[in-house]
Every structure is written in C-alpha cells, then in structure tokens.
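Enquirer: Sequence:
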Amino acid sequence: MPYLTSVKPPTASTGVRTGFGVPGLAHPLVAPTEWAGLTRPGTPLHWVVLNVADGPGVQPDPHCLEAAGRLRNAGVRVLGHLDLAYGLRAFGELAPDARRFIDWYQVDGFLLDRCPADRAALPEVRRTVATLRALHDDPRDAHLVLGHGTHPHAGYVELADQLVTFSGPWSDYRWSQVAEWTADHPPERFCHFVHGVPAPHLDEALRIARWQGAATIYFTNHTHRAHHPGPSAHRTRTAPWEPLPGYWDDIVSRLGTGVSE
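Counted from 1, the sequence shown has number 191 at position 191 by full-length UniProt numbering; the numbering is strictly sequential.
Check each hint, because a few of them may be wrong.
[What the hints assert, rightly or not] With beta-carbon atoms standing in for the labels, derived distance ranges:
1. Glu93 to Asp203: 39 to 47 Å
2. Ala134 to Asp172: 32 to 40 Å
3. Arg70 to Asp138: 33 to 41 Å
4. Asp172 to Val58: 16 to 24 Å
5. Pro169 to Arg72: 15 to 23 Å
6. Asp249 to Asn73: 20 to 28 Å
7. His185 to Gly37: 27 to 35 Å
8. Glu180 to Ala36: 21 to 29 Å
9. Gly155 to Asp203: 30 to 38 Å
I should point out that these hints are in silico values taken from the structure, not numbers from a laboratory.
Beta carbons: idealized from backbone N, C-alpha and C, even for Gly.
Model the full structure from these sequences, guided by the hints.
Expert: As structure tokens, this is what we get:
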C-alpha cells in the first residue's frame, strides 16, 4: 500500500490527539446548523477557519462575529483565511486583511491558503509569517497554518505551527505517498484535507492519516460537484468544505474513541 512508505515511524507526539481542522464552512447565515454543530461537547476540534468573503470582508459581519465568538468561548481556535495565491498576492494586500481579522473577529491565527511550496519562495513566506505573528498582542499565541496542499520543501516546517501537506480528492489520497522528511516531526505539525471520501472508506482514510503522521484532518463525502460553485474560482475551490460531512456524527464518534487501527 503506497501510504505505508515512511522509512521510520513519525517523531513521537507531544500528546495532541487526532482532531479536526475545519477549512471553512459556508457563511453562518447560510449554514447556521453546521456552525452550531461545531460547538457540541466532545467534538475534537483543533481549529476552525473563518472565511467571511474570500477574506475578512469590508466591514464586520454580525453573523460571523457571533459564530466566531461561540467557538472561542468554547475554547476552539478560530483562524482567519488569507489567500496567498501561490505567491501572486503581494504582502501589502495581505496585511490589511490580517489586521481586520484580528480587530473585528479576534482570530487566534491564520490559514495561509494556497501557500507556495518551492524553496525559492521561502524567504517571502518567512517574512509574511513573522509579520502576521507580530500583529498579535503575544506573537507566541498566534497559530499559523501553511496551506500548501502538497508536501513542500522541508524548510517550510520551521516557519509555521502546521503545514497542510495534502488537500484534494480521495481518489488521489488513497494512493498518496508521504515525504520522508516528515518523519522527523510529530503528527501535530501536519494536516490533511480530503474530499469525496465515501463513508465505507472512512477507516481506511483514518489509517492513511495515521501512517502518514497527520494529526489534524478534515474528511468529507462532498466534492466539487456537491455544492453549486457559483461564478467564482474561489467558490469552486471551497465548495467541498462548505457543508459539514454527511457522516459528521460518525467520524466525530470515531475520533472520540481513537483512530481506527
């Protein structure tokens, strides 16, 4: 099985159990039940991404304020969504969005979506991450996730708290291979987002995440075709993540009892 390719077991975990990183639900006005479901006791959430309008929007949104407040009151990290467009967005465009996320929604950090993965972009991403941390009252409290969606150059692991090393369809994930350098780091440093996972394959998907050393996951049965994408490329990218998985209660209960062997 291709996902059993690591030459040595991942570095020992510091105690963080497998849990969810939610890449970004639909707007709370559209999906109030989904947002309410996130605060159910016992749901193993590592963080939830708030994406108001492909960023923080142009003014504070009362529905998003309420949803973010409920999560933070429940002890769940809320991350603002910033799109790096694989390095095409200038830092000058990102900084105002980051400041609005902090000022309006008191976010605990950021998911840097579509983060570059090549070695050449390391210095610019390093500068971006350092500046985003500095925007917080205590930079040590800022949680930064680099959303590469693939295994990046190994140097990126030193820049942020977590890396998204897979984001894509189940048809690719089930045959994916892990980069050998990831075995030098604990599972809580890595995230996997997988769409189109059929319910009968949940145990297999969880085993892949465990063997590849990813402690933060988001698996869903939805696909790009499951939610009307609208006219924008952004909606096409985010469509699988906007509803909760159809088997949400099932996967929550599985993680509550530990990842299936």
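Enquirer: Taking each numbered hint in turn, which are not upheld by the structure, reported in ascending numerical order?
Expert: Hints 3, 4, 5 and 8 are the ones this structure does not satisfy, whereas the remaining hints hold.
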